[in-house]
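Number of protein chains: 6
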Amino acid sequence: MKITILAPVALLGRSPSSAIDLTSSAFFGHDLRVQFLDQGPPSIEGAFDEALAVAEIVAKAVQAEAEGAQAVVIDCVLDPGLEAAREKVSIPVVGPGQAAMHLACLLADRFSIVTVLRALAPSLRRRAEVYGLASRLASVRAIDVPVLALLEGREACAAPLAREAVLAVENDGAEAIVLGCTGMAGLAAPVVDELRRRGLPRIPVIDPRNAALAVAAGLVGMELTHSRLTYPVPGVKAVTGCAGL
Amino acid sequence: MKITILAPVALLGRSPSSAIDLTSSAFFGHDLRVQFLDQGPPSIEGAFDEALAVAEIVAKAVQAEAEGAQAVVIDCVLDPGLEAAREKVSIPVVGPGQAAMHLACLLADRFSIVTVLRALAPSLRRRAEVYGLASRLASVRAIDVPVLALLEGREACAAPLAREAVLAVENDGAEAIVLGCTGMAGLAAPVVDELRRRGLPRIPVIDPRNAALAVAAGLVGMELTHSRLTYPVPGVKAVTGCAGL
Amino acid sequence: MKITILAPVALLGRSPSSAIDLTSSAFFGHDLRVQFLDQGPPSIEGAFDEALAVAEIVAKAVQAEAEGAQAVVIDCVLDPGLEAAREKVSIPVVGPGQAAMHLACLLADRFSIVTVLRALAPSLRRRAEVYGLASRLASVRAIDVPVLALLEGREACAAPLAREAVLAVENDGAEAIVLGCTGMAGLAAPVVDELRRRGLPRIPVIDPRNAALAVAAGLVGMELTHSRLTYPVPGVKAVTGCAGL
Amino acid sequence: MKITILAPVALLGRSPSSAIDLTSSAFFGHDLRVQFLDQGPPSIEGAFDEALAVAEIVAKAVQAEAEGAQAVVIDCVLDPGLEAAREKVSIPVVGPGQAAMHLACLLADRFSIVTVLRALAPSLRRRAEVYGLASRLASVRAIDVPVLALLEGREACAAPLAREAVLAVENDGAEAIVLGCTGMAGLAAPVVDELRRRGLPRIPVIDPRNAALAVAAGLVGMELTHSRLTYPVPGVKAVTGCAGL
Amino acid sequence: MKITILAPVALLGRSPSSAIDLTSSAFFGHDLRVQFLDQGPPSIEGAFDEALAVAEIVAKAVQAEAEGAQAVVIDCVLDPGLEAAREKVSIPVVGPGQAAMHLACLLADRFSIVTVLRALAPSLRRRAEVYGLASRLASVRAIDVPVLALLEGREACAAPLAREAVLAVENDGAEAIVLGCTGMAGLAAPVVDELRRRGLPRIPVIDPRNAALAVAAGLVGMELTHSRLTYPVPGVKAVTGCAGL
Amino acid sequence: MKITILAPVALLGRSPSSAIDLTSSAFFGHDLRVQFLDQGPPSIEGAFDEALAVAEIVAKAVQAEAEGAQAVVIDCVLDPGLEAAREKVSIPVVGPGQAAMHLACLLADRFSIVTVLRALAPSLRRRAEVYGLASRLASVRAIDVPVLALLEGREACAAPLAREAVLAVENDGAEAIVLGCTGMAGLAAPVVDELRRRGLPRIPVIDPRNAALAVAAGLVGMELTHSRLTYPVPGVKAVTGCAGL
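Chains as they are written, first to last, in the numbering used here: chain A, 27 to 271; chain B, 27 to 271; chain C, 27 to 271; chain D, 27 to 271; chain E, 27 to 271; chain F, 27 to 271.
Worth flagging that the hints you see were computed from the coordinates, not collected in a lab.
Heads up, some of the hints might be wrong.
Since copy identity is lost for identical chains, a pair holds within one copy or between any two.
What the hints assert, rightly or not - Taking lysine to any residue pairs in the SDA-like style, the calculated list, with each CA pair at most 20 Å apart, reads: (1) 28 x 264; (2) 28 x 39; (3) 263 x 178; (4) 28 x 89; (5) 28 x 50; (6) 263 x 44; (7) 28 x 46; (8) 263 x 37.
Start from the sequences and build out the full structure, keeping to the hints where you can.
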């Protein structure tokens with residue numbers, strides 16, 4: 027399957043591999059292509075960052091569909107531009123936030139998200155509301171590490187992630203954990219190990235990018251895509267500026 | 027009070043007065059200034075149109091604050107860019123959709139929105155969910171007239187609006203009506219007349235722009251603005267492109 | 027605008043100014059008139075106190091309307107008699123509890139109420155449920171000071187209010203605070219100062235009377251009032267006793 | 027058991043037996059005593075009528091407890107004064123609306139209320155919200171007969187009740203019916219017969235007074251009464267007027 | 027009244043009186059008959075145990091109806107087999123979990139369940155969701171004593187139950203307590219005593235079996251039973267094995 | 027991947043291929059094995075049928091895990107025994123009802139289920155409540171064909187399925203359709219064709235077995251399984267009878 031991982035950030039001189047790490051992806055069998063934005067913010071940490079990126083995200087989703095992608099994953103747990111891109115393209119567009127939250131609900135009755143900065147919490151909670159899963163979201167916790175710092179020292183975050191996960195279980199009632207940033211790729215396993223070491227029963231720790239790839243692969247396999255009643259095709263109108271859309 | 031009405035559309039050669047009509051505004055006493063986008067879509071009719079406009083909306087909100095505005099109203103019932111603009115500025119930013127829905131709930135137990143096109147319905151319902159008012163939204167109905175056509179023949183829309191409002195009351199359980207487009211300015215009164223003629227008890231018909239102006243004026247009067255816990259100030263990061271933000 | 031502030035208490039020998047303090051009102055421009063009950067309880071601190079006052083409240087609302095008031099504010103955060111008065115009069119009747127809770131939701135995703143006595147908590151929570159905002163009410167906290175004591179030493183309450191507000195934010199997830207008694211007039215500003223001193227980000231602290239006055243002024247300005255489908259006119263029936271109604 | 031049925035209306039010259047009919051009560055074994063108000067409205071058909079009655083209702087509940095009643099049933103499906111009376115007395119106070127709605131939920135997943143006038147619908151829906159059962163209330167329907175007319179010609183109401191019950195099942199998704207007025211005593215059986223004649227599967231039709239008596243008897247039998255955390259004892263304060271309370 | 031208490035467990039050599047203690051039942055006036063399963067688990071502590079028992083439970087409910095029982099109480103707070111048995115028989119089938127949760131909501135705005143083992147918590151919470159009462163369930167707490175150990179030393183459990191009840195009130199917002207196992211018969215009174223000793227205001231402590239018997243007696247008295255729209259009669263099909271059904 | 031499709035029915039002389047048709051499965055690449063019950067009902071059409079099957083279902087799930095299966099799909103949209111099997115085994119156990127409902131919510135804001143008999147509707151709605159998705163379930167509709175009849179004449183059901191799907195969209199607000207029986211395998215495509223012919227915009231029609239297989243494959247690929255906090259391992263106890271468990 028040809029799936030485009032749409033990184034909703036501009037590289038700004040970084041190397042692609044430092045901005046997105048696919049080595050821990052569970053889906054090597056598929057033909058994954060990574061697409062960055064031409065311009066935009068270097069990371070998405072709230073509604074403002076999303077606003078800077080969404081027009082470009084839609085443009086890149088349109089381009090991916092034109093180039094034969096069978097599905098697009100928007101590589102950020104805030105799912106920026108998800109609804110807009112679905113209106114504009116016909117192939118499945120999958121958000122890691124939505125995919126991971128639904129997956130958590132398939133495995134447990136209540137879940138917490140452990141993310142990078144507290145600033146993402148309101149946006150994540152709004153996402154849970156739009157997805158109809160707010161009653162299952164036990165809490166949003168943060169390790170107080172910005173995305174760019176996380177990307178530079180991912181391994182060091184396993185311990186703080188596990189610490190917050192334990193608090194989510196013991197204080198908030200979580201029965202599963204969603205990693206709250208696609209930049210946390212590869213950290214699910216060490217967090218699981220850490221939780222076991224701390225004596226917790228086995229609970230799912232969900233990597234949001236992998237969750238999105240699993241959903242994307244499933245949808246392509248079943249020839250399913252989003253509803254046109256929920257995501258109607260936009261009317262054709264004269265537009266100025268706006269990422270060439 | 028100095029309030030900026032931020033029209034989230036590009037004029038694209040239209041005259042400002044054809045794009046936004048303030049003659050029916052209930053708030054002439056205030057110092058209202060209208061600000062259009064430099065580039066963007068000519069109307070907002072779904073998530074895709076929103077995506078094209080939000081970066082510019084935030085930029086214009088920042089500019090309005092810098093120029094001394096005490097509050098900003100984003101002049102569209104979908105409240106595009108509401109969260110992003112609130113993160114970025116400190117003065118109150120008010121969405122007509124949010125203001126009108128809350129006002130409807132202050133006056134009735136259940137309300138319907140009658141909007142321009144069915145395509146806006148999913149976005150409006152998602153807004154109701156994010157605002158915590160989904161249980162009060164009886165239905166979203168549409169008169170099947172695009173925004174630009176509405177602006178060219180507003181009077182002709184009173185009858186279809188009343189017709190859908192009656193159906194909302196009789197079939198869906200609505201006890202108040204929110205006009206689902208700020209382009210419907212001036213139509214609340216004729217719709218109220220029409221409903222009375224059709225024998226309905228008096229029900230509120232809410233103009234969303236006026237609702238937003240009332241909320242904005244109230245907030246400025248009380249020296250209140252949005253919570254920084256809900257809308258945290260974005261971190262400073264290198265960004266490329268994006269409306270000069 | 028002529029707005030009647032209906033204090034739902036009997037003076038019982040107190041001076042009007044000791045029972046209700048308007049000096050901090052944000053709405054001096056309006057023609058505010060204060061109306062007390064002829065008989066009733068000296069303060070409203072639960073459902074029983076409300077029961078003693080509601081018939082008189084409706085009678086005074088009817089009288090206010092007859093005397094030309096354009097709106098009535100029932101000056102208690104429990105909104106006693108709100109539905110009954112709306113059924114009986116046509117001008118807007120505004121409850122500070124309802125107005126403040128909706129205003130909080132316009133500015134933040136979750137709010138707490140800090141009130142006088144814990145005894146008010148169940149009534150306040152029921153109000154949030156009737157208003158459809160229970161999912162946004164993070165908690166109800168109390169400073170353990172009866173209304174009459176509060177009125178005699180308002181300044182002393184700023185510190186305990188701030189203390190509970192901090193707990194609401196840190197333990198309960200509140201992102202805005204509603205002052206839970208109209209007798210707390212003038213305390214929003216010192217509480218805001220206190221929260222800043224304690225290092226909290228800026229969060230709204232809402233004075234319920236001012237919120238109600240803002241809503242009342244907005245409704246009068248927009249010529250809106252409550253729905254007759256939600257608050258039907260009572261049928262004419264022989265009644266004995268009952269405050270001359 | 028000694029249970030006081032507290033009719034929240036003034037007799038106004040009517041005979042007690044015309045105002046309340048106990049012949050169909052399922053609970054003859056108990057020592058039932060009927061208590062009317064000294065003054066108040068002749069029937070309760072909305073929030074205004076409730077406001078006229080609540081102070082007297084609490085006074086009569088206090089009197090019933092003093093005279094040895096083991097429980098009080100407030101004989102109206104709107105449960106007027108329920109919270110206030112519970113704050114003031116220690117014996118169980120039962121509302122037919124609350125009892126019947128919970129009973130309906132014990133027997134079916136969704137229920138409708140068929141009441142006398144449409145004017146009661148908003149109050150009944152608010153009750154369902156306060157009781158946490160709004161998601162189970164399929165609809166409120168009315169037969170358009172005022173309470174006093176119902177009392178004079180009860181038998182004639184079985185057919186219209188059944189008609190609305192059928193619509194509630196077929197259009198609204200109801201799986202049980204709550205009779206929406208205690209004045210409908212004796213009508214459950216004819217409505218059940220009528221539904222069977224119309225080919226519906228067996229569904230419960232619940233008489234609200236009998237539901238309340240069953241709950242009252244159960245509570246007395248188990249020596250249970252309402253929580254003092256939910257219904258705190260009112261503080262002692264000087265009060266003027268107000269039914270001698 | 028003839029009511030069958032259906033103990034959903036196999037005796038496995040135990041004496042009936044050690045497996046179920048009726049001495050504290052509030053309903054001696056009724057003709058109570060206890061029926062055990064022929065085969066099954068010795069106690070129900072989760073979904074797996076339920077799975078082992080449900081076919082037998084339905085078989086015994088059918089047998090009880092055939093032998094003239096007027097109602098069946100399934101004697102476990104997880105209400106195993108409740109829906110299945112209701113589909114198969116016409117007499118009321120009552121679950122102690124459902125009865126006790128509704129009763130708690132009739133007496134308080136929020137309740138907690140204190141059960142035997144934490145393992146029951148997810149099943150109890152799912153029950154609250156199916157019954158539409160999840161928003162009223164403050165928490166589920168456990169004393170970490172298996173059912174069989176509880177039955178052997180019931181008195182020793184009053185103190186731990188009270189301890190968890192106090193935590194439910196003080197930390198979780200509970201205003202009533204449901205005992206989370208029918209094996210806790212007789213413990214409501216000592217827990218109430220203990221709570222009083224610890225200074226808590228009077229709150230209801232509900233014995234689930236007694237709650238179920240009260241509901242069963244009320245339903246029989248009112249000639250009410252479950253809805254056939256909610257619990258349709260199963261079609262006749264060839265079946266193999268399965269407890270002779 | 028080795029996935030066991032656990033058909034929760036007894037063959038009762040039928041050929042396996044008539045009881046379950048895998049030709050339309052989207053997941054031929056996986057190693058699918060079908061396992062029937064030794065005894066039980068021939069089809070699952072309600073809670074009673076489930077009760078007859080659940081013990082055997084758990085037994086077969088245990089056996090599948092012992093024989094090396096990496097995941098189990100319980101092949102019925104009611105997800106019988108889902109929680110019990112998850113408690114007892116460690117490999118993922120997937121329910122087609124849960125998988126299809128979540129998938130529908132990933133593709134649309136509201137969905138309807140079109141099932142075989144109306145008798146399944148209450149059980150399906152309860153499942154939506156337990157899964158936290160009740161607010162997204164627009165309606166449950168039925169084509170009035172028993173499972174065994176469906177299996178004998180699947181093609182004839184495409185038209186009635188499409189008819190109900192259209193009603194779900196037009197009357198109930200559905201924006202996606204879940205086929206409400208795993209026996210409807212192969213019917214999604216003809217229903218999609220039929221909906222297109224009737225002029226509906228493209229909406230997802232979800233085959234529940236394929237949805238479950240997609241979820242199962244995704245979970246195995248990500249090495250995820252259910253939470254032990256939600257599905258605790260049952261304690262070891264002496265049990266009699268019960269499918270050898």
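A quick look at each hint next to the structure:
no.: 1; hint: 28 x 264; in the structure: neither (32 Å within a copy, 32 Å between copies)
no.: 2; hint: 28 x 39; in the structure: neither (27 Å within a copy, 42 Å between copies)
no.: 3; hint: 263 x 178; in the structure: between (43 Å within a copy, 16 Å between copies)
no.: 4; hint: 28 x 89; in the structure: within (14 Å within a copy, 37 Å between copies)
no.: 5; hint: 28 x 50; in the structure: within (18 Å within a copy, 23 Å between copies)
no.: 6; hint: 263 x 44; in the structure: between (39 Å within a copy, 17 Å between copies)
no.: 7; hint: 28 x 46; in the structure: within (18 Å within a copy, 32 Å between copies)
no.: 8; hint: 263 x 37; in the structure: between (31 Å within a copy, 13 Å between copies)
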